[in-house]
Structure formats: structure tokens, C-alpha cells
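**Student:** Let the hints inform the model, and build the full structure from the sequences given.
Protein chains in written order, with the numbering used here: chain B, 1 to 352; chain W, 1 to 352; chain A, 1 to 627; chain U, 1 to 627.
Please note that a few of the clues may not be correct.
[As the list claims (entries may be wrong)] If we take Cβ atoms under 7 Å as the criterion, some of the chain A residues that face chain B in the derived model are:
hint : residue
1    : Ala62
2    : Pro272
3    : Lys285
4    : Glu297
FYI, nobody ran anything at the bench for these hints, they're computed from the structure. The beta-carbon is built from N, C-alpha and C at its ideal position, and this holds for glycine as well.
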Amino acid sequence: MTTIDLGLPGLAGVPTFEGAQTAKDYKTDQEVRWCPGCGDYAVLAAVQSFLPELGLRRENIVFISGIGCSSRFPYYMNTYGMHSIHGRAPAIATGLATSRGDLSVWVVTGDGDALSIGGNHLIHALRRNVNLKILLFNNRIYGLTKGQYSPTSEEGKVTKSTPMGSLDHPFNPVSLALGAEASFVGRALDSDRKQLTEVLRAAAEHRGSALVEIYQNCPIFNDGAFDVLKDAGERTDRIIPLRHGEPIRFGAEGQHGVVRDPKTGALRVAEVAAVGEQALVVHDVTLDDPSYAFALSRLSGSELDHTPIGVFRSVSRPAYDDLARAQVAAAKDKPADLSSLLRGKDTWTVLD
Amino acid sequence: MTTIDLGLPGLAGVPTFEGAQTAKDYKTDQEVRWCPGCGDYAVLAAVQSFLPELGLRRENIVFISGIGCSSRFPYYMNTYGMHSIHGRAPAIATGLATSRGDLSVWVVTGDGDALSIGGNHLIHALRRNVNLKILLFNNRIYGLTKGQYSPTSEEGKVTKSTPMGSLDHPFNPVSLALGAEASFVGRALDSDRKQLTEVLRAAAEHRGSALVEIYQNCPIFNDGAFDVLKDAGERTDRIIPLRHGEPIRFGAEGQHGVVRDPKTGALRVAEVAAVGEQALVVHDVTLDDPSYAFALSRLSGSELDHTPIGVFRSVSRPAYDDLARAQVAAAKDKPADLSSLLRGKDTWTVLD
Amino acid sequence: MSIDVGRGTRHTEVHKMDRVVIRFAGDSGDGMQLTGDRFTSEAAAFGNDLATLPNFPAEIRAPQGTLPGVSSFQLHFADYDILTPGDRPDVLVVMNPAALKSNITDLPPGGTLIVNTDEFTKRNLTRVGYATNPLEDGSLASYQVHSVAMATLTRKALEPSGLSKKDAERAKNMFALGLLSWMYHRPTEGTERYLREKFAKLPAIAEANVLAFRTGWNYGETTESFAVTYEVAPAKLAAGTYRQITGNTALAYGIVAAGQCSKLPVFLGTYPITPASDILHELAKHKNFGVTTFQAEDEIAGIGAALGASFGGALGVTSTSGPGIALKSETIGLAVMTEMPLLVLDIQRGGPSTGLPTKTEQADLLQAMFGRNGEAPVAIVAPRSPADCFDMALEATRIALTYRTPVLLLSDGYIANGSEPWLVPEVENLPDLSVRFATEPNATDGSGAFWPYLRDPETLARPWALPGTPGLEHRIGGLEKAENTGSISYDPDNHDRMVRLRQAKVNGIAVADAEVDDPSGAARVLVLGWGSSFGPIGAACRRVRRLGMDIAHVHLRNLNPFPKNLGALLANYDKVVVPEMNMGQLALLLRAKYLVDAASYTKVAGLPFKAEELQDVFAAFVKGLDS
Amino acid sequence: MSIDVGRGTRHTEVHKMDRVVIRFAGDSGDGMQLTGDRFTSEAAAFGNDLATLPNFPAEIRAPQGTLPGVSSFQLHFADYDILTPGDRPDVLVVMNPAALKSNITDLPPGGTLIVNTDEFTKRNLTRVGYATNPLEDGSLASYQVHSVAMATLTRKALEPSGLSKKDAERAKNMFALGLLSWMYHRPTEGTERYLREKFAKLPAIAEANVLAFRTGWNYGETTESFAVTYEVAPAKLAAGTYRQITGNTALAYGIVAAGQCSKLPVFLGTYPITPASDILHELAKHKNFGVTTFQAEDEIAGIGAALGASFGGALGVTSTSGPGIALKSETIGLAVMTEMPLLVLDIQRGGPSTGLPTKTEQADLLQAMFGRNGEAPVAIVAPRSPADCFDMALEATRIALTYRTPVLLLSDGYIANGSEPWLVPEVENLPDLSVRFATEPNATDGSGAFWPYLRDPETLARPWALPGTPGLEHRIGGLEKAENTGSISYDPDNHDRMVRLRQAKVNGIAVADAEVDDPSGAARVLVLGWGSSFGPIGAACRRVRRLGMDIAHVHLRNLNPFPKNLGALLANYDKVVVPEMNMGQLALLLRAKYLVDAASYTKVAGLPFKAEELQDVFAAFVKGLDS
Ligand SMILES: Cc1ncc(C[n+]2csc(CCOP(=O)(O)OP(=O)(O)O)c2C)c(N)n1
Ligand SMILES: Cc1ncc(C[n+]2csc(CCOP(=O)(O)OP(=O)(O)O)c2C)c(N)n1
Ligand code: SF4
Ligand code: SF4
Ligand SMILES: [Mg+2]
Ligand SMILES: [Mg+2]
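**Tutor:** Okay, structure coming up:
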């Protein structure tokens, strides 16, 4: 059986495992060292329990991370792994994925790692569409260095490095990724295992770069950053679950919906009762033009008032590493005669 | 007279010059060393002839560049200047602009400089909205290093480093900037002095980061990359001039126009005769939500079939450097008593 | 409620001691750093000389109760001037089995061990690999063990407060502090005041902590388990006003002072990294001194922004550690070429690569010297103790501004987080560092042009002309510059000349002569150190001398250029020993420059040298010569 | 049309010479590099030994006719084995006044000067600062001047071709080549074939160039202005098949060969930068050898991707120059910590900072040694000539794969662009570099685990276990690793041990002994060099010997570790002289390690040493000892 048979084109070429696997197979003997209550635990558990479902050979999976609390992730995964350099995981993973088509390569990174020091490698991996699954743990703070604001922190944030409040306008990671030509972008919540697993599965199925932003609570330095998305009272009025092919509506009774402003093309939230069901935007992850997904990403600013969760975009576009391997394979039609390469065209001979 | 009186909020704080200035005042005695026919000449001439109109004190203008052919620019400008490091000009300029509110700081960069090695500094400068005018000379090639493909080169490009054709999907600089929260984005053509000057002036007037992508011909390594936008026969059917407040139409007789796909919100080109004038999208640079500008940026891919030219977006948002200076100024309400700082709260005294 | 905790009432034996080393060790969540800090403040307020050594894990909060999660704080206080936080504790306070396990080997036989017994449960013991309870199996027989159920006692004392069990037990570190304060006759008002200020917004928590603190004090006073208390008299230090200060704070204050002394705005462009981040945190508080702090997207942008600010006439500063310097090297090269003042603060940590972020090392010296492409000389200075960071910040600024050059300042994790009493300087006595900017054209060919690379004949510095100055418009950059005019030049001879001029400028920096500590004047062995090993080396030399041997000590603060008298000085001794927390980096430079057969003694264990260990090494060298 | 250009018919005097140095100089747009290349090929085909030195501006195409726009190509060919492209030309060909102005001072009195007069217009002369026409004002009297209206003659000859005037005149470089080919009896078929191939798609241009070439040849043959032609006989080189090769091509071929010899796919991750880009360009052509080239977004990503590929079992390679190494240092540190094979090719150029991108220098040695945080030793090798790049690529690969370490290879702009004849190796004779990957658990504690840091007792290398190997799943990274198991370890003693192990591994790399060139065996002065100065130093030593003095020469190719016999070798001589194109970097290492009072002779002018200059320096040292 191959990953194609499994319906996972994103993992084409990666050998599958015939036996049964459980989450335990993916755990290492290393003690997990995050703070009590850290959202990273939930993500780790989700990944460890979801990976066996993919049915891959464990030894053909590689986790590559940068530096940060979240970047400790590989130590806890009983696969191959590298805890590399702050911000550089996408670059290292690009080299690995390009030279080895038989591996499933995952990148684990934080909001500082991916968007501050590592911003450039991230956007280039996305535009190249290298076959990487990038899990961006966004806790909107630098955890490991003890609480400075990050590129996703809200404006005015008081932290150790900004006692009078931060001044930078934050990135919206989904918008940034779409601006960088990403072929797959999703968002998930650390605390919602089911939804997180769904997005991870969709990412795994995608061939090319898949960026998954995971809102992750840091109880020590930014506690409750996403509480409004978890609070039973507020949750339903804030979270907009995205389901491909369905009109976008949410709220306890599905009373809210997303409509397009005909004048500007921007999306906004409206009451279904007021606008009518047929006015709702139907979610479509497959649109080639990323303008729709981009508009969707603008529904939520850093205030989290209306926050789409799920897959924003998933379109098919050749993956860099596939193309690179294809070029090498095509070139092999030419014989690799080292001797004639070294000689070249212009030689002369000196006789004894 | 101040720059505010001049209607240039973007240059608030920069001292103005009372006498008359000409382009000549902005020329240095250094021999211009670009290749014959290089598009950089035209941009230099445009900048030198447009700057005097701003009426600033020449000594309060600074040009900071990275490395590349285009980055030689500062040597030819009789202002202060720095030809710095490949990709790092936005970072250096950020420090200068933040510590000196009385300077007009311009960044000159290339597609490799800004989008390859310097991509991260660029997107961070844009999100911070530092008061910088960034001129990105996009010739879709690495000129200075003699012709490797760049992050804006079209897919499949055969260059010295890609004899079998390049594999990377290019960036669309306008989309990328919008994804990075840019408050001002424009595009211009090296050969159209008038339009280029218009966009430059709008950039100068803008407070915050202004990115201007300038399509620039490199006759040596990528000759004719933008010929279709210059060719008298094709030009009018390809260039979409953007004029704030006006319906977007183009073509020799204004026969083409831009309309919105009601199903996806994406923009596309249509024949005015077929869709009717009232269906045309009215250009608005001031929309707070960047979704519209983003959709506009997607009209042209790297094939240049339909290429909007002009200002895509120009919205007002606090500039990082203004905020930073304001914080320092506000803090100065607290007396700066060094002696009491050094002593702190817990001292003890040893007597002789 | 009013318990007089300031004075003992029970009669206990009082031992007078000249010095004591205490180590608090517990879980990262147990507040050991705070406890140590407070005890330090009490000792300082009492007038002892002191030195401290915090030691904490790289994880924010490793799983509770595990070995990697142990955090400790060691402090040495004395009635005379001391140099190190002590090799080994006299008293070890442990809050849990993990802390016991990872610290007990440092406690010498006969040492005092105070244990919070509440955490010694079967589960916790097994977790760290104890098969049996060491409190019961006799394995601690060689120590004076005091078992105290600190958590229980604290919880009980706080029952009336209505705090939850968990919250109440969290105050057990204050119990420990109270107990130790009693044992060592420390003043207590400061701590109570401190707690009330710290928890001003949570008065219930404040009072609970105060109460826990008093409970600990009273426990010592009323139970009979502690037969002895100790007194360490105030130290006889030079007259003046003192405060306790860590290296990073002193460095930040030094930068603030440098801004004031030079009358320049300060611009810090940086990116967080352990153990340098606190410099950013501290400087961010002092915007009222005209200090701008910019948390950049990475180290490259941080130094880039600092250089941009320097171009505009600010005192540009950047701070980092570990791999951060590698990222900054390209821009340091640009600063060398453009000859602009720039301070680069490197708080060295264990390497290579990510290495040991929270441990100390002095292995960046050769990187500081040589870590750039081409011939790119920079000035290098290194503080030798926490308080010295202040002076070295001013020294680095003097060099940068006078010579228009980047200066690398090499601190390290030990100095950065360690603290010592600091004789607070009088502001009037700080040096004048003010700068003369260029205001006029200066060409010597009568052209009336401005030559940005015309040098000051004495310092070889080039003029600093600020944007905004009419008539001095000029362009600088990373390509080789023609002498004087500063135009781009590909001329071979010009390049050779400029390479030599840049080198000569740095070589010619005026620095103070090195001073020798050789009380007898009869030493044949010279110990040469730099940076944070000042304390242990100095302490070891004292010990060696106490053994009746002669030994000289020179501690370098200027590492590039070296003091002019160094060569002559080295020649005075029969043997030169260079102890370093690296593989012999200073030794390499000395050997190359002076062809002196300097012997390296190296240890790269992430911890400062112990005076004991160095004493043996030095004594062996002295004896080796004598025999 | 059939002109026999292969043989002269007019009777001219033929001088036999053993060596000639020719320099072609013109505007960047004049095709001087191509002209030089072709003449080189002709000389090579004829069997001369040769060496070349291209020299071109940093601008792509500086404004026409200006001094900065001058491009030149010097070539030395001889009937014996030579070592350098020659100090000064015997024949200088100049295509315009700028070329004359910037090159004439190198031509010794009596030298031959061939001038394209067409460009000597008033305007062009003024532009470069000639007040009068040097062809007319007598200032060139000490040279043998040949004025030839090359452009005019070419244009006239091509009139029938129907090419535009401009296109026709562009072929004037081929006229110059034809003329010189005639003067030196060079074979011409190769050039004609080459032109027809190069312009295969533009046959009109091809024929025009061939015609221009023949016209130049015929001009020499038929006009009487050239009374003498010269003959330089083929050199007596070792038997075998030769080709001409530049350093960058040889390096690229070496990498391809390394992939074949190790049976590993090659992965080059890189970012363009002068003068390293050609390695990328060359390797990109050889995908059929299993070579993947990745043009990354920057240097950091380039080396990162290479390291990622190494992790996956490829031969990871990265290439750069100048500030590129600074950017790669953090990742080199990670490779040191993770102990993975990685080749880092540094084509050194003039620094610091952007410096002089198209000029040569050897000033990155200390950066290669020390440019990383912490103790991060790497192996360093340096080719000594263009052809040696091939061997050194294999040597670097051997070290990287055997010892699982990053290896820095230091080439430079001179070697990279210069060319020489290369005795093409037989593929069968290339070394076997194949690797044994780990396939089984290896723990020595019976646990059946895989220990990624268990070392080979001989090499100290750790196992290389590839993703995809079942049972060997493991994690590596930049934090300090526990010995053997490779788990994260903050243990002080473990850190000290690992630092020393990493150092010991690099120190223990087996490298070939240094060989001394001391024909008489009586030398008292040893000249020690490294890298591209091999040619000039060797040539200078020959000259010194010809003057009757003894001198020894050792040229290092392994710079870290040094050959084991080096210390003993240095001790054999009374004086050691180290010529370097930097401020004395190797000298510093030698002085520090061996305490030898090595004398530095340095020149940092962006150009290789001249044998003449070194001869004087060396002779002075020899005489200094004798007196
Ligand atoms: C080159 C470099 N710069 C800085 C650091 C310090 N550092 C480590 S992680 C980090 C940021 C962590 O934030 P994030 O990526 O959001 O991860 P989190 O800890 O929040 O999961 C920083 C600044 C480093 N290790 N290396
Ligand atoms: C750190 C570093 N890496 C690489 C280079 C080499 N380099 C100089 S300019 C350039 C790219 C130039 O392309 P672009 O920015 O598009 O400018 P253009 O020359 O096309 O105007 C490169 C790769 C360098 N100077 N510094
Ligand atoms: S600091 Fe925050 S992100 Fe880091 S481990 Fe602790 S809770 Fe998690
Ligand atoms: S190479 Fe291209 S971009 Fe560079 S100067 Fe020449 S024409 Fe202009
Ligand atoms: Mg984070
Ligand atoms: Mg370009």
C-alpha cells in the first residue's frame, strides 16, 4: 500500500507501515519539559495520536524545529528530528525534503521563530511550495526567553521589553502566508483536539507547503491570550468554523454569517436573519486566486473578535522538491561519464 | 514653511529649503556606472528632478541602499547616503529614521536585495510602518552578480544558475507587501517618467512605510522583461492605470475595465461594452481592509498580461518611529536624574 | 500583630565567622532566585561584602521535581572584601529531593544541610532515582542535617489567612529565608518592606509572605533544633555609598551614563537572547534618559538599526549572546569599513551553537577578534566583575566615540547574573565623553569639499558628520574607500594603505597600563586572566600567598589593543599562567604576539572556576619553578 | 573563401623565447576576457605551460571608456613549468586610452605595446585625464609601440558581410587575437572552431568573428610593421592528457567527483556572490551526476539546506565569499555541534565588508578558524592553484565524511578565475570515499538503543544514521549533548568533556606531512605559505636560487589541523618567513602554536604577489642571516 492509495498525495513517495501503530510508538523516553498547563502539551498529544492514522513508517518521518519552547517538540517525537537554529528550520527542512523524496518532513516553529527571525525562510518556503508541513505555535509571546512581545502580539502590549507598551503593528500570519503565495493555509486551536486533528490531516494530505497556525496558550507569559475563543459564553460568537463547500455561518444557532461587501469586496460578519441565507459566502478552499482566502483572513485582527478556524486555502501547485528531483531525474538521461566531464573538449597530450 | 504646509504629512518634521533647487543640486560628481541603457538611469533622473519639488533641505535627506546594481543609487545623490549590506537597508534605515525625526529617509533596493536576502527586514519595516520610502527596482534578475534568477523571475527561467529553468514560483511584491500589512503600496515603470513621479510624490506624501515597486529593465541580463508594457501596440491593452476615485478602465478607447466576480470576490478584466460601465470597480486607495488592494494585485501574475500601475493602497496608520519618539518624549516627564538611578532604592553607606 | 523578629530572645550560641557561603536550591517554581536575592539584600544592607552565583535551567519551567528543573542561588558574604561567590556552600538549603541530589556533592563534609522534608515523598524520590530516602538511610551522616517540614509549617501558619493550600505553600521559600535570616542575624525590615511593595496590589499575598518569613524566623528562634547562630560582621570596605548590583544592570546603567556623559541619545537595537535580554529590559525602563530601545526582528536588524542610529548621531548599541554575535558579524564589518562608533555587548554563554544558554563561558574572544571576513580589527574590552560592567561600558564608549570604531564588550553569564556591592560613583566624577561632530568642509586641497575619510592625525579617527549638516553631504558604505576623500576605490595601493590604517587606528587606541597585583614583589609566576575569572583567580592568589608562596596577578580589561606595558610585564616573570573558561584563547593571542610560553589552564564546564581548584594549579606552578 | 592563416609566408625574424607574458586590456565591453581565454586555449593546445590572471571591475559594465571600466587578462606561457601569470607583461595590448592609462606603468621599458588607435580621440583622451595624445607626445618613447587602427581595419574587412558598423567593430578583439596569434605562432584552428560553435545560432556573427580573427592574423603577416615573431616551444611537462582549467571549474569538478567517489548525491545550497557564483553555475550543469543545486534566499538558507541534505545522507555543500561566511557561521556552529559532514567553500575576496569583490585576498583564515561562538573547531584546507582545487575538494570531502565535521575550503579570487594546465586524472585512480552509514543499534549498555554520539575510537567520529533507517530514530540539535547517548545535557563535566572531544577529533584528523622544496638541502631560511601564493612564492624561490642562494619552501594545504611534521620542520630553519595577502594570519597561528619567531611579509592590495617583489624579500632574509 502506498500513501497515494491512502488518499494522501501530500505524502506520495513516503513508505507506509503495514502493522498497527499507536500514539505510544511516537513517544520518546525524554521527559516533556514544558511548563504545567502549556498549550504545547495538547498539540503534542494531538500529533502523537494523529500520526499513527497516517500509516507511515515512523522512521521516514522527520521533525525539524527552530528554537523556542515549541521547538523542543522533536525531542518528544520518536521519529528522526533536529532541533536546529532560531528561525532556520524551514531552510534546513527544504534541503532535507528536496534531497529525500521518501520522507515526510514537518517543521515545528513559534511565532517568534517563524515570523520574527525566521520570516524570510518561511515566506520563501511557502512561495516555493516545498513539501513541508509547518506547524506554527502562536502564543503571541516569546516564551523561551521569558516574555518579550512577538510579531503577533497585539499593539500596546506591556512586556519586559516594552514597559510602556509595544508599538509594532502585528502580522496576521494567515494574510502574510497568502501574500507569500502559500498553497495551503489553516488555523487551529490548541484546546480543540478534534478540529486541530482535522486541519493537521488536511495539511498532511496536501502536496506542497502547508502552514498551520495553532493558537497556543502560554500560561506563564501570556496566559489566556485565546481565552475568548475558549470561553463557553463567547466562543460561539467569535469562532467561525470553515467548512469547504458550505455557507459560512456560526453562532450558537448559526445566527451569524459572513457576507461580501459588494462595494469593496471585503468580507464582514452579518446576522443571517438580516441578510438572508443566500447572501452568505460559500467557503471554497480551492480557488486559485487567493483574494478570497485573503479577505477571509482579514475578518480577525489581533483582537480575535471574529476568528475563522479551519482550512483557508488548499490549492494544487507543483512542489519545489518534486520539480527539483524531476530535473535531476531528467538530467540522468545524459550519461554521467566522469572521465569525459573532466577531460572536457580541449585537451592535449604530452608524451613521455 | 514646514512640510505640513507643503501638504506633505509624510515629511513632517523635515526642515524645508526656502530657495530654489534644481535637479543639478541633487547630482554628485561621481560618474554613473550602470550599463548603457540600464533602466536605473531613468529612475535616477526622475528622482533627481522630482526631489527639488519637495522643497526639503537636501542635507536632511538620506538614501540608504543594500547591495546590487540599483543599490549604487546613493553614490549619485548629493544627499547623505549609505551603501550598506545586501538586504539590510530597511533595518539600518529603521534605526536612522527612528532616532532622527528630522530626516527624510529613502531606501533603494533591488528584487534580490529586498525580496531574497532582505525579505524579512522588508516585511517587518512594512508592518511597523516605519516612515521610509522604499524604492524596489524590480528587474527580475540579479544584475550585479551577473544574471541569476531572482524571487520575481518567472517560473522556468533559464539563467546561469538554472540551466534547465528555474523552479520557484515568484513573489508578487505588491501581494507580499499587502500581506505584510503595508499601509502604502505603489507600482511604476522606469520608462514612464510622469507616472513614476506621480507615484513617488504620493509615497513622499504618505506618513509611514511606502513601498514603490519599479519595473526596471536590465538590458544586459534580462533585456526586454517589461517590453510588453512599453510596446506601443500592446501597452494600452496591458497597463491598467489606477486613479483614486475613478472606475478602473483601460485600453486605447477605455474599452476594458475591471469588475468583481460576485462569487469569489476576485477581480478580473472585462469588456466595458459587455458588462456596462456601472459594473466597473471604482478604485479606492483608502480602504482600511487591504482585501481590495490585494485582489487588485492578483490581476497580474509574472506574465504581465494585465498590470495595474499606480497607487494600490494608501491608508493612514501610526508610524513606528513617531510612536517611538513619542514614548521617549513622554518618558521625559520623569526627570532624568542619573545619580538617583545609579543609587536605586537599596543603598548602604560605609563610613571612614 | 507584632512579632519582634529583629532580635533573638532564646539564648543560642553565637559563632563569629568571617565568611559564609549559603546555597538555596529547589525547583524552578520554588522561588529560589528571589530567596537568594533577598538574602543578598539583607547581607548587603548589613554591610557585608558579598558575591552571588545564580544557576538556573534553560527551560522556563522544567517539569516540577525533576533534576533538570533544579534552580539554585549561591551567595558568599563576609566581613572583608571577597572576590567570588564561593566554591562550595557551608550551608545548603534544599527544597526537594531533586535539589538534594544535584547539589549535595558540593557540600563539604561537616557542612550544614537544611531540608524541606515535605517533598520527600516516595514518588518524588523515585522520580530522581533515589531508591531509599536519604534522610533516613544514613547516607547524609557526614553532614549536619536539619529536617524541617517547611511547607507544612508555612501552610499551618497561614491557615487563618484563608489562602488556598497551594497558595499558602508557595510561600515556603519565605519560611526558608526567615529561618536563615535568624541563623545569620540578618536585618529583616528590608525584606518585609520589599514584600509589601512587590505585592502592593495583592495585600493578602503580601501579608502571607511576610507571615511565612516571620514564621521561619520564629521557627529558628523557638525550636531547639538550631543550637548555634552565626554572626558575620560588616566588611571594612572603602567609604562611600554602596548598592548591590548585577552585571547586566551595571552594564545597562553604564550605557545610560555613557549617553549622559557623551550628551548623545542612546539607541539600543537588539533581539532577545539569554543571558543578554535583561540589558534590553533594563534600558527599556530609562527612556527618560533619552534612551530608545528597539526590539528588532533578529540580531542582524538589531545591529543594523543601531548602526543606522549611529549614522544619525546617536550612541548606537547592540546586545547579544551566543550565536547572536555570528549573525552580527557582517554588520560589524560594515561598521569597521564605515568607521562608525558602535557598541556591541556580548554576554558570553556556553557554546558552541545553542550550547548551554544559561551557563557561563569565555569562548567568544577569538570570534570577537577575528570573526569577520577580511582584515576587520575592532576594539575589545571585558569587565571583570558585575560592578565593573559599569566602568567598562564607559570605557567602551570612550573608545568607540574617540576612535570611531565598533567596540566589542565581552561580559558573560556569570558576571551578568551575579551580583556584588558597588560603590556608587558620584555623577560629577564620571568622564566627559562629549563628541565634536564635523561642521565644516575639511578638504586639504582647497576644493572646499568635505572629505569623510580625512583622519585626525592623533587618533586616526575620521570625522563624524551628521545628516542635517549642510555642505557635508557624503556617502559611505562597505566598498573600499579612497584615503581622505572616501570615494570608492579599487586602487591596489590604496587598499593596502587603508587596511593598514584601520589596523593602526585600533592598535593605537590609548588604554590604561596593566596593573600587577604582586604584594611581595617577589613573584616569579604571573597569572594572567581576563573577564569574569577575576574573582576566582584573585581569591586563589590570596590563598597561594597565604600558603607562603609568591604569585602575581594581572587581569586584562582591554583585550584589543593590549595595554602597552604588557609585553615588558610578561618578560618580568619566569612563568605565565593563563586560566580561561575556554580552550586557551587569550593564551593563543599572547603566545602569538609576545612569543611567551604562556601555559593555559582551561576548564569549559559552564561554571566559574573554583578558587580551590585554581589554588592547586597556581601552587603547582610556583613549586614547579622552585624545584 | 580560404585564407591559409596557419602558416606564415612572409619572412620575418623568429625569436625563440622560453616564456612570454601578454596582457590584453580594454573596456569591459571589449571582450578582453574572451580574447585572453582564447589565446590561453591556443597556448594550451600548443603544449605550453601557462598561468592566467583575469582582472575586471566590480561593476557589470562601468561607463564605457572610463578607468573603472577597464578589464584586463594577463597570461604567461612558457616552454617549462611556470608558477605564476607573470609579474609584468612583455606585451601589452590596449584597446583604448583608459586601458593604456591604467596598465602602462606595469610594462617594463623596452616592452611591446600594441595600441588600437581608433579609440584615441580627443574626447576619450580627456575623459581619462590625458591632456595630450600619448601616442604622439613622446611619452611612450621607451616602449616598442605598434599603432594599429583595429576597429577600422575590422570594420573594413567586414564590410561585405553586411553587418552594421557597430556590430562589425565589436569583432575588433578577434582582430587583436589574430594579430597576437600570428606573432606567437599559435595554432588557430581551435579558435575558429570555438567561434563557430559559440555563435552556432548566429552564423553571420560567427563568420564575422572568424574573418576578423583572420584579418588580424593577416595584418601581422602582410604589413611590415612587425619585423619579428616569437616562438615559445611546448613545455616538457609530465606525460599525460592535459586541459586548461580555472580554479572554480576545478572545484566544481572536484565536488562532482567527490559525489561519485563517495557514492553520495551532492546537494549544493548556496546564494550567488562574486567570485563564488561560478561554482553554482558549473554544478547546475551536472545534475546527471546526481547533483542538486539550490539557489536559496540567502547564505543562511543555503548552508541550512545543505546541512538538511547532509542529515538526509547527501554530501552537503555550500559556497560563498566575503561577508557570506559571516552569515553562515551560526550554521557552521550547528554542524560542529551535530557533528555532520558539510563542505563550506569560501572563495576569499578583498575585505573587510563588501570590500573589493572582484579582487583577491587571503584574509579569511582566522575567521575560518575562530568565527563562531564557543569552542567550535572545524577542519580547514586550502588549494594552492587552480588545478589543485580539484584535489582539495576531494581532500575536504574525505575529512568531512571520515570525521563527520564541517570542512572549510579556502580558495580565493586569484585561484578561482585564474587558470592553468591540468593533468586530467584517471577516474580509476580517484580515491574511494564511500561511507558506512549506521544500520544497527549500537548502545554498549545492552539496552538495544541507538546512541548517536557513540564515537569511533579511532576517528572519534559519531555514527551517521539516515532518516528512513528503522530503529535508529534519534534527535540532534544545537544544545550540548551527553556523551554517547546524545541526550540534552547540562552537566558541567559532560560539557567540558564534549568540548575537548570535539577539539580532539579535529586535532586528530590524519593529514599528509608537509613537503619541503629545498633542492640544495642547505637552506637556512624557510618560506612558508598557503593558498594561492604558491605560484609567486615558488617562482620567487627559484629566482633566489638562481642568484646562488639557498632557500626552502613549504606550502600548506591543510591549515587545521596542521601536518604533524610541521613543528619539527620549522625547527630545522634559522628563519621562517610567511608571505601572506593579509596582515599575518597564518603567521599568528604558527607563532602561537610553535612559538617560532616567524616573520610576516604582508601585502593586502587585492592582487597576487609578484615574484619579483618576493624575490627581493626572500633574498634580503637570506643575506640577513649570512651577514
Ligand atoms: C540566533 C538566536 N537569537 C535569539 C535566540 C533566543 N531565542 C530563543 S527562542 C526565542 C523566541 C521564542 O519565541 P517563539 O518562537 O514565539 O517560541 P515560544 O518560546 O514562544 O514557543 C528567542 C528570541 C536564539 N536562541 N538564537
Ligand atoms: C551577503 C551577501 N550575499 C551576496 C552578495 C552578492 N550579491 C550582491 S547584489 C546581489 C543580488 C543583486 O540583485 P538585485 O537585488 O535584484 O539587484 P540588481 O543588481 O538586479 O539591481 C547579490 C546576490 C553580497 N554582496 N552580499
Ligand atoms: S513559557 Fe509558555 S510557551 Fe514556554 S513552556 Fe512555559 S507555558 Fe509553554
Ligand atoms: S547589469 Fe543590468 S541592472 Fe545592472 S547596471 Fe547593467 S543593465 Fe543595469
Ligand atoms: Mg511564541
Ligand atoms: Mg534585480
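**Student:** For every hint, state whether the structure bears it out.
**Tutor:** Hint by hint, here is what the structure shows:
| no. | hint | in the structure |
| --- | --- | --- |
| 1 | Ala62 | holds, 4 Å |
| 2 | Pro272 | holds, 4 Å |
| 3 | Lys285 | holds, 6 Å |
| 4 | Glu297 | holds, 5 Å |
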